[in-house]
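Working from the sequences, and respecting the hints, build out all of it.
Chain residues, written in single-letter form:
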Amino acid sequence: MNMSSEGDRVGLDTLAGARGSTDGRSAGRAAGAARRRRVETNTVVDELTLNAWCAEIETDPTRIRTRFPAAAREIGRTPGTSPEPGAERVEDDVRVSLLLALGRGLAGDPDTLSAEVHDLYRFGDADERRAVLLGLGRLADAIGDRAVDLLHDALRTNDPRLVAAAMGTYAARLDPAAWRQAVLKCLFVGVPLRLVAGVEDRADDELRRMVADYAAERRAAGREVPADALPFLPAPTQTTRES
Amino acid sequence: MRIFDPHIHMSSRTTDDYEAMYAAGVRALVEPAFWLGQPRTSVDSFVDYFDALVGWERFRASQFGIAHHCTIALNPKEANDPRCTPVLDLLPRYLAKDGVVAVGEVGFDSMTEDEEKAFSRQLELAREFALPAMVHTPHRDKLVGTRRTLDLVEAAGVEPGMVVVDHLNEVTVDVVDEAGAWMGFSIYPDTKMDPDRMVAILQRRGLDRVLVNSAADWGRSDPLRTRATGEAMLAAGFTEDDVDRVLWRNPVEFFGQSGRLLLDVPGADLGATYAGNSLLRGERG
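Respectively, the protein sequence lines represent chains A and B.
Heads up: the first sequence at position 165 corresponds to 165 in the UniProt record's numbering, and the numbers run straight through without jumps.
Heads up: the second sequence at position 28 corresponds to 28 in the UniProt record's numbering, and the numbers run straight through without jumps.
The reader is advised that the hints may include incorrect statements.
What the hints assert, rightly or not - Here chain A is said to cover these stretches of chain B; the calculated rule only asks that three of the stretch's residues, wherever they fall, bring their Cβ under 8 Å from a Cβ of chain A: (1) 52 to 58; (2) 93 to 99; (3) 251 to 263.
Claimed, not checked - Only part of the chain B face toward chain A is listed, based on derived beta-carbon distances under 10 Å: (4) Val47; (5) Ala61; (6) Ser62; (7) Gln63; (8) Phe64; (9) His68; (10) Pro86; (11) Leu224.
The hints are simulated quantities; they were obtained by calculation from the structure and are not laboratory data.
Think of the CB as a built atom: it goes at the ideal place given N, C-alpha and C, for glycine as much as any other residue.
Structure representation (structure tokens):
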């Protein structure tokens, strides 16, 4: 088996077989394979376990503290550690499902929900933090503005996967100055602006000015302006500076 | 030549090193938690360091096509500082994570009572989390420290096969070998161990349970010493397969015992890894 690159087809049989071959658990793995399904990224999700964990977390929300870190290895994970922002990863979907279960389990108790979410982020590795950020948009009704500080934390990093994850629908709750800085940071660190929720609707004159200044600085240095920046540049300015 | 460096402190290395390592064949590594050259003065410093090991550094390595894993522990030097020892209570949070493949570096620095206490406690944690342990051996009074290490491992009831005793040399290798533990060798430009001495040890006692690392950090060290050792092995008549065993399959076998390897990186050529100990395994069963 060769899984030499991200996105290579990792079939259900080969993945289950490779895992099973590690030790005496192969029989269990093979049985488990039958209830796994393929997902878009060509890896598999153990849905029975996922459903069981969601039910468990709804009943006892504190269980998420140990389930969330273990979710990738126990339920499903896209092979490899991709540095690409916005890459679809199975473990992200799995962890967001656990977060939604947490939201159901703590319905009507937004402060406790917020505390659990903050701890998952605080003690999470980069993958766990990314999943928390990706789930915030769908927890927004329950959690309100309580987790905006997590966006600020992620936006201070230079990990484009975290920056991208922070710019989903929950980023609507960033104040205008922070949101503009975040969009500009996306241009800087190479997060595609298609990953920024509602960027076209929210872009204002001040953002356009900032992007124009950024483009001018790039051109002055003889460097390319990212294609993502072009839609924000007024056409006349573009022509003038290029002539 | 594919290389898994089982002990290298990438936080103190540059991106040039990552590029040179990839070019030399390094596709995977383990970064053990250790001190920073400058002593820490609070538990919070450890938390930020551990977060970097499971966060930023893993991302940095992935940009260069290298699978980054780490080990987590209170190191022996700082086990002597009461401002640092409460970090022991936080370790379980990190020992549960993907990519955390051992408890380490634990062991002795100055052979104090505090060091022994922290060492024993962390051997218990290794058992509790079913993780291997990476044990640092002291620079001073090395043979006595190595013997004491093996006594503590036995007393803790940890399987010798779940332990690597590191920074060994000609004087300390045999006691570790006889105990059945894994033997780690740090190949340095001019101290600990060099490629030719390493080859001599391999010729004398064989390839099994041997891990060869660069242990490169912020001191005078070289992240390409693993490759140099592979080349010295070939020059001495070892086969490509022998080199692959020492530089790739052995570390995969040892750290594969954690069930937490993240080895499915581009170019890692999983098809040929040792005994299937290649993929992230679940902890069930």
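Evaluated hints:
Closer than 8 Å: that is the beta-carbon criterion, and the region 52 to 58 of chain B has 4 residues meeting it against chain A, so the requirement of 3 holds. Under the rule that three or more residues need a Cβ within less than 8 Å of chain A, the assignment of the region 93 to 99 of chain B holds, with 5 such residues. Coverage of the region 251 to 263 of chain B by chain A holds in this model, with 4 residues showing a Cβ closer than 8 Å to a Cβ of that chain against a need of three. The restraint placing B/Val47 at the interface with chain A holds, with a minimum CB-CB distance near 9 Å, inside the 10 Å limit.
With a cut of 10 Å, the hint placing B/Ala61 at the interface with chain A holds, because the nearest CB-to-CB distance is about 8 Å. Interface hint status for B/Ser62: upheld, as the beta-carbon distance to the closest one in chain A is roughly 4 Å, under 10 Å. The restraint placing B/Gln63 at the interface with chain A holds, with a minimum CB-CB distance near 5 Å, inside the 10 Å limit. Of the supplied interface hints, the one on B/Phe64 holds, with its beta-carbon coming within about 9 Å of a beta-carbon of chain A, less than 10 Å.
Checking B/His68 against chain A: minimum C-beta separation of about 7 Å stays under 10 Å; hint holds. A hinted interface residue such as B/Pro86 counts as satisfied when its beta carbon comes closer than 10 Å to some beta carbon of chain A; here the least separation is about 16 Å, so the hint is violated. Among the interface hints, the one on B/Leu224 is violated; its C-beta lies about 23 Å from the nearest C-beta in chain A, farther than the 10 Å criterion.
When each numbered hint is compared with the structure, violations occur for hints 10, 11.
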